[in-house]
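A.B. asks: Residues in the sequence shown are numbered consecutively from 44, following my numbering.
For the record, the hints were derived by calculation from the structure and aren't laboratory data.
Ideal Cβ positions, reconstructed from N, Cα and C, are used throughout, including at glycine.
Some hints here could point you the wrong way.
What the hints assert, rightly or not - The calculated lysine to aspartate or glutamate pairs, modelled on EDC-like cross-linking and capped at a C-alpha distance of 16 Å, are:
id, residue 1, residue 2
1, Lys67, Asp117
2, Lys123, Asp78
3, Lys69, Asp48
4, Lys69, Asp50
Claimed, not checked - FRET-style restraints, in silico, Cβ to Cβ:
id, residue 1, residue 2, range
5, Asp131, Asp48, 30 to 38 Å
6, Gly104, Lys66, 29 to 37 Å
7, Lys123, His95, 26 to 34 Å
8, Asp48, Glu83, 30 to 38 Å
9, Gln68, Asp122, 18 to 26 Å
10, Asn99, Lys123, 35 to 43 Å
11, Glu132, Ala91, 16 to 24 Å
12, Lys123, Asp48, 33 to 41 Å
13, Glu88, His49, 18 to 26 Å
14, His49, His79, 28 to 36 Å
15, His49, Asp131, 29 to 37 Å
16, Phe63, Arg106, 34 to 42 Å
17, Lys69, Glu132, 25 to 33 Å
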Amino acid sequence: AILQDHDNILTASVHCESNFPFKKQKSDIDIALSDHMGDEAYLREIRALMEHIVYNKHKNGTRIDLVIYDAGVDIHCADKLGRLNITDEGIVE
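Kindly produce the complete structure, drawing on both the sequences and the hints.
C.D. replies: The structure is reproduced here in structure tokens:
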């Protein structure tokens with residue numbers, strides 16, 4: 044939400060749909076994942092997102108200069124509050 048009025052910044056959120064908070068902040072691209080998703084399915088979603096961003100460029104038509112990936116902690120399989128099942132290897136890849 045803080046960056047929504049900036050045409051030179053594209054935000055994407057890949058999150059577990061049923062995780063707290065239940066009402067999510069709106070991003071330029073929102074991808075809601077199902078509970079207990081594992082590495083293979085998660086990485087398919089991330090790769091598809093990256094291909095989409097690179098192919099379609101930025102929302103204002105310019106090339107992407109920088110991508111920052113923040114996995115957070117709630118995607119990790121050992122996180123008791125998270126609902127995804129991503130391993131250390133899945134996050135690193």
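A.B. asks: Going back to the hint list, which numbers does this structure go against?
C.D. replies: none
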